[in-house]
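Chemist: When you number the sequence shown by the numbering used here, it's gap-free, plus one each residue, and the end is 113.
Derived from the structure by calculation, the hints contain no laboratory data. Treat each hint with caution, since some may be false.
Computed Cβ-Cβ distance ranges for the label pairs, DEER-style [said to hold, decoys possible]:
(1) Glu-100 x Glu-66: 32 to 42 Å
(2) Arg-65 x Ala-89: 28 to 38 Å
(3) Asp-74 x Arg-103: 12 to 22 Å
(4) Ala-61 x Val-106: 27 to 37 Å
(5) Glu-100 x Leu-67: 28 to 38 Å
(6) Glu-73 x Arg-103: 13 to 23 Å
(7) Pro-110 x Ile-72: 16 to 26 Å
On a predicted model such as this, the values are computed, not experimentally measured, just so you know. A virtual CB, placed ideally from N, CA and C, is assigned to each residue, including glycine.
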Amino acid sequence: MPGVSRDARFVLPSALYRAEQVRELDRIAIEDNGIPGATLMERAGIAAFEELVGRWPEARRIAVVCGPGNN
């Protein structure tokens, strides 16, 4: 993906965030940095996929279950 470093995951914290924190980070990215919400979701999906494949490289199937919202 152009403009996104594949090494970005190594500088981001691995801790989980509360929902209100994620909403604020999304707002900042969208409003202050002009990144479309769809782009944020695409990047999140790619990062999640890469993490899953990295953790379970031999897996033939992986189920991802998400709740409502901008998963």
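Chemist: Does the structure break any of the earlier hints, and which numbers would those be?
Modeler: Violated: hints 2, 3, 4, 6.
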